[in-house]
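Residue numbers (our numbering), protein chains in the order written: chain F, 33 to 286; chain G, 33 to 286; chain Y, 33 to 286; chain P, 33 to 286.
It should be emphasised that the hints constitute simulated quantities derived from the structure, not laboratory data.
Values in this document were obtained by computation on a predicted structure and should not be read as measured data.
There's no promise every hint is true.
You can't tell identical chains apart in this list, so a pair holds if it fits in one copy or across any two.
[As the list claims (entries may be wrong)] No more than 20 Å apart at the CA atoms, straight line, and that leaves these computed lysine-lysine pairs for PhoX-like:
(1) K161 - K124
(2) K54 - K35
(3) K35 - K67
(4) K195 - K54
(5) K49 - K259
(6) K226 - K137
(7) K35 - K231
(8) K161 - K231
There are 4 protein chains.
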Amino acid sequence: MLKDVQGQADFRRMPLKHVGIKNLRWPIVVKDKAKGEQHTVANFTLAVDLPQELRGTHMSRFVAVLRDLGTIHPSGLESILDTLKENLQAKKAMLEMDFPYFIEKTAPVSGEKALLDLNCHYRAEKTDKFSLYICVEVPIHTLCPCSKEISSNGAHNQRAIAKLEIKNAGMVWLEELAAMAEKGASAPIYSLLKRPDEKFVTEQAYATPRFVEDAVREIALAMAQDKRIGWYRVTVESMESIHNHDAFACIERD
Amino acid sequence: MLKDVQGQADFRRMPLKHVGIKNLRWPIVVKDKAKGEQHTVANFTLAVDLPQELRGTHMSRFVAVLRDLGTIHPSGLESILDTLKENLQAKKAMLEMDFPYFIEKTAPVSGEKALLDLNCHYRAEKTDKFSLYICVEVPIHTLCPCSKEISSNGAHNQRAIAKLEIKNAGMVWLEELAAMAEKGASAPIYSLLKRPDEKFVTEQAYATPRFVEDAVREIALAMAQDKRIGWYRVTVESMESIHNHDAFACIERD
Amino acid sequence: MLKDVQGQADFRRMPLKHVGIKNLRWPIVVKDKAKGEQHTVANFTLAVDLPQELRGTHMSRFVAVLRDLGTIHPSGLESILDTLKENLQAKKAMLEMDFPYFIEKTAPVSGEKALLDLNCHYRAEKTDKFSLYICVEVPIHTLCPCSKEISSNGAHNQRAIAKLEIKNAGMVWLEELAAMAEKGASAPIYSLLKRPDEKFVTEQAYATPRFVEDAVREIALAMAQDKRIGWYRVTVESMESIHNHDAFACIERD
Amino acid sequence: MLKDVQGQADFRRMPLKHVGIKNLRWPIVVKDKAKGEQHTVANFTLAVDLPQELRGTHMSRFVAVLRDLGTIHPSGLESILDTLKENLQAKKAMLEMDFPYFIEKTAPVSGEKALLDLNCHYRAEKTDKFSLYICVEVPIHTLCPCSKEISSNGAHNQRAIAKLEIKNAGMVWLEELAAMAEKGASAPIYSLLKRPDEKFVTEQAYATPRFVEDAVREIALAMAQDKRIGWYRVTVESMESIHNHDAFACIERD
Chain F
33 MLKDVQGQAD
43 FRRMPLKHVG
53 IKNLRWPIVV
63 KDKAKGEQHT
73 VANFTLAVDL
83 PQELRGTHMS
93 RFVAVLRDLG
103 TIHPSGLESI
113 LDTLKENLQA
123 KKAMLEMDFP
133 YFIEKTAPVS
143 GEKALLDLNC
153 HYRAEKTDKF
163 SLYICVEVPI
173 HTLCPCSKEI
183 SSNGAHNQRA
193 IAKLEIKNAG
203 MVWLEELAAM
213 AEKGASAPIY
223 SLLKRPDEKF
233 VTEQAYATPR
243 FVEDAVREIA
253 LAMAQDKRIG
263 WYRVTVESME
273 SIHNHDAFAC
283 IERD
Chain G
33 MLKDVQGQAD
43 FRRMPLKHVG
53 IKNLRWPIVV
63 KDKAKGEQHT
73 VANFTLAVDL
83 PQELRGTHMS
93 RFVAVLRDLG
103 TIHPSGLESI
113 LDTLKENLQA
123 KKAMLEMDFP
133 YFIEKTAPVS
143 GEKALLDLNC
153 HYRAEKTDKF
163 SLYICVEVPI
173 HTLCPCSKEI
183 SSNGAHNQRA
193 IAKLEIKNAG
203 MVWLEELAAM
213 AEKGASAPIY
223 SLLKRPDEKF
233 VTEQAYATPR
243 FVEDAVREIA
253 LAMAQDKRIG
263 WYRVTVESME
273 SIHNHDAFAC
283 IERD
Chain Y
33 MLKDVQGQAD
43 FRRMPLKHVG
53 IKNLRWPIVV
63 KDKAKGEQHT
73 VANFTLAVDL
83 PQELRGTHMS
93 RFVAVLRDLG
103 TIHPSGLESI
113 LDTLKENLQA
123 KKAMLEMDFP
133 YFIEKTAPVS
143 GEKALLDLNC
153 HYRAEKTDKF
163 SLYICVEVPI
173 HTLCPCSKEI
183 SSNGAHNQRA
193 IAKLEIKNAG
203 MVWLEELAAM
213 AEKGASAPIY
223 SLLKRPDEKF
233 VTEQAYATPR
243 FVEDAVREIA
253 LAMAQDKRIG
263 WYRVTVESME
273 SIHNHDAFAC
283 IERD
Chain P
33 MLKDVQGQAD
43 FRRMPLKHVG
53 IKNLRWPIVV
63 KDKAKGEQHT
73 VANFTLAVDL
83 PQELRGTHMS
93 RFVAVLRDLG
103 TIHPSGLESI
113 LDTLKENLQA
123 KKAMLEMDFP
133 YFIEKTAPVS
143 GEKALLDLNC
153 HYRAEKTDKF
163 SLYICVEVPI
173 HTLCPCSKEI
183 SSNGAHNQRA
193 IAKLEIKNAG
203 MVWLEELAAM
213 AEKGASAPIY
223 SLLKRPDEKF
233 VTEQAYATPR
243 FVEDAVREIA
253 LAMAQDKRIG
263 WYRVTVESME
273 SIHNHDAFAC
283 IERD
């Protein structure tokens, strides 16, 4: 019988907030609004707390939990945390996952369909109460109102990232958050555009100039009006086409 | 005279928490404990708040502030924030900077000296009161106590990162935080080791086995005993040599 | 009818080696040796050549090709290139894809099974002849022979990456390349190890010390003996546990 | 006296192409066209070959070479390689370094000056003959000719990266390569622009529409006309503002 060194008593009187594993990639299946489910790959962090009396945790049990994952849905994360708490005899469990999520976008004129990738991040925690934080990064197009106003022709524009964060909201699909993000855009972004589509989005962006300050306000307005969403934070970062750095703006509901 | 679009009135009743620039790389000079100063390169975020009445900020003024930077010292960041507040007519200013900082390490037997790079992150904010958050990532060496205990020979060990975070502390040198990080290590890490040094650190690590749970507690004990440090958080992440993922542990002072 | 600007004549006498798209993420299904197929996510580059007479290519057609992908198998990449050549009226087509590929590893004592992620890279090209380059990065464990020899106890060890590259080989499964990589290791790497497994791999690594120089030679020997493999290059990079930089060695068959 | 394990004989008949260290960050001073010299931070790879008879190399000597670096100038890299060859008794030495290099840009109307960061990469090799490869990444602004032509107003534009690679050229300053890159741009990129500058570059970009195909050809023409440059390769990658992927084009002189 091999000695359980992790199970030794600890006398340093230092409880751990988190102990666990990070940067574990694992294929997952997530709920998809349109198609039922979608396959993707996530980078996982799994952790529990550790009381001051115990020296260590049992790391292999975190990986064992991943082996039993079924289709992942935000509301199902709570049971994963319950399993972690039980298997690791902990009072608190935490899970983070980062993954690309693909939504289908339809080009505005040609109707061509293609996938667009969003970066998603979930952080779920449970002591007694379950808490869920969701962040989705939606690529959008912004066109500078100042550049348009002062220039005789054209206006600088660029790809931007709208980062929408919510906490403990009712069930909100990633597709719905993406739609809110596009409310702040000069135009949405697509993976496949034919020439008539390109004309359309170019003119749409020119007709809808938005600073990062505007974009973030428009998105925040959409989020504020959604009854399911309590706390939110919105950040828009634009990869300025006239600079080698980014402009950004952020609104956070108190 | 070109129209000031940013200066327009805004009626959306949405004040911005932050508006500014990100990912601007800039060469800097920072205070160095041993040599007076050191040249390095930082990635900057600079931002201010924006009241709900104003449409936008003037982004070029953030860059202008960087042009006038002298040697950077934590205590001097307040005056940069004051300048930002004044130049952008803001109530709040924020600055983040990430940069590698080099400390000289002396090999334990041969006495050979070489530089070791630490990742540093500062976040300074000021509304009325100045607030400074510092994070330094120190590479350390950890050797697994369980692996040593149960194996007839050897023990798996690996490079780990100790991340030390403090907020509103008295003046603490990055070199001092690095020294605290090494208290949690099985052995420190060096850029240049001759054979007698390699023997020394191998034996030192074997004699000092540390889980991430141990490492983080030892570092937290050192930080807790330092009168200059109020709030702290310590995280140790080890790039497990037997896995393709990392183990981590975290202690945060309430 | 919108004007075809890309189709204009060009008089600069500068043929393009490549024109196309990069950094397009797309979910894929790849052939899996054990399970038939596996879902993952790839980052794609797709390109063709462009003769000097033509101003531009039609970027949307690259994305359209991705929409029709079925299950991906190395030998099936040729038909994707043929489609690209045809749809874009090109003489040459090129495709690169990076994706994590998961293999199941069985722990040496407990028999526990869990997935291990490998970084894979394919580059396929076709003018008249089809050419395929494959690179797979396999995480391994290396233990330093010098450290073991000179130290009274223990030896420093670490995670390393074995990068195996082959070109125009016969059909070789990624699982087979992973097995060759492990021939160079002090021990393989697993995602899930129970205590008896940890004892096993610790002792295995201590009994099999390997410099990066040794590891790369052992892997090259395995590759040289495989009749299906013509050209190869092997690189092993170890994240030295006693340093904050990596050691590496590389062998390339002429 | 500690045993020299690296110095043992090897019987596997496998000479190594490269053995050395990677990912070592080190502060450097490089020659600067305008100011004489500039401080920055590099990521180094240093390696030598290893004959089949020898088991290993002495890694600490690579780091020792970095300690003695003076101001770095492309033509001075040869002597570093000579030192590596001598100190490691090798026939071949190789050095790679990646670093940000800052050039001062002057805004076109206001005359305001600010730094712009370029990513630079050197690879120097020497067996008998010294060989030097230089790559510089210059951020530029591209505006789509198709979007301009077909749209009633505006045109999508974005930040792009022009990657200029040369090998064994005569002395060419990074500033000169940056100037060639801007020849392919719809407009140059600046860190600090006042309103009249923004008007200027917006109109300049609108008046100078460039596909990546155009940009790469214009830059290649500039490089082809430079007598100091033999081999070159130019790639332009644009972060398309209407997509979440990049468009790219590449020309390589045979």
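Structure-based check of each hint:
no., hint, result
1, K161 - K124, "within (10 Å within a copy, 35 Å between copies)"
2, K54 - K35, "neither (25 Å within a copy, 39 Å between copies)"
3, K35 - K67, "neither (49 Å within a copy, 37 Å between copies)"
4, K195 - K54, "between (23 Å within a copy, 14 Å between copies)"
5, K49 - K259, "neither (33 Å within a copy, 22 Å between copies)"
6, K226 - K137, "within (13 Å within a copy, 37 Å between copies)"
7, K35 - K231, "between (70 Å within a copy, 11 Å between copies)"
8, K161 - K231, "neither (50 Å within a copy, 39 Å between copies)"
Comparing the model with each earlier hint shows violations of hints 2, 3, 5, 8; every other hint is respected.
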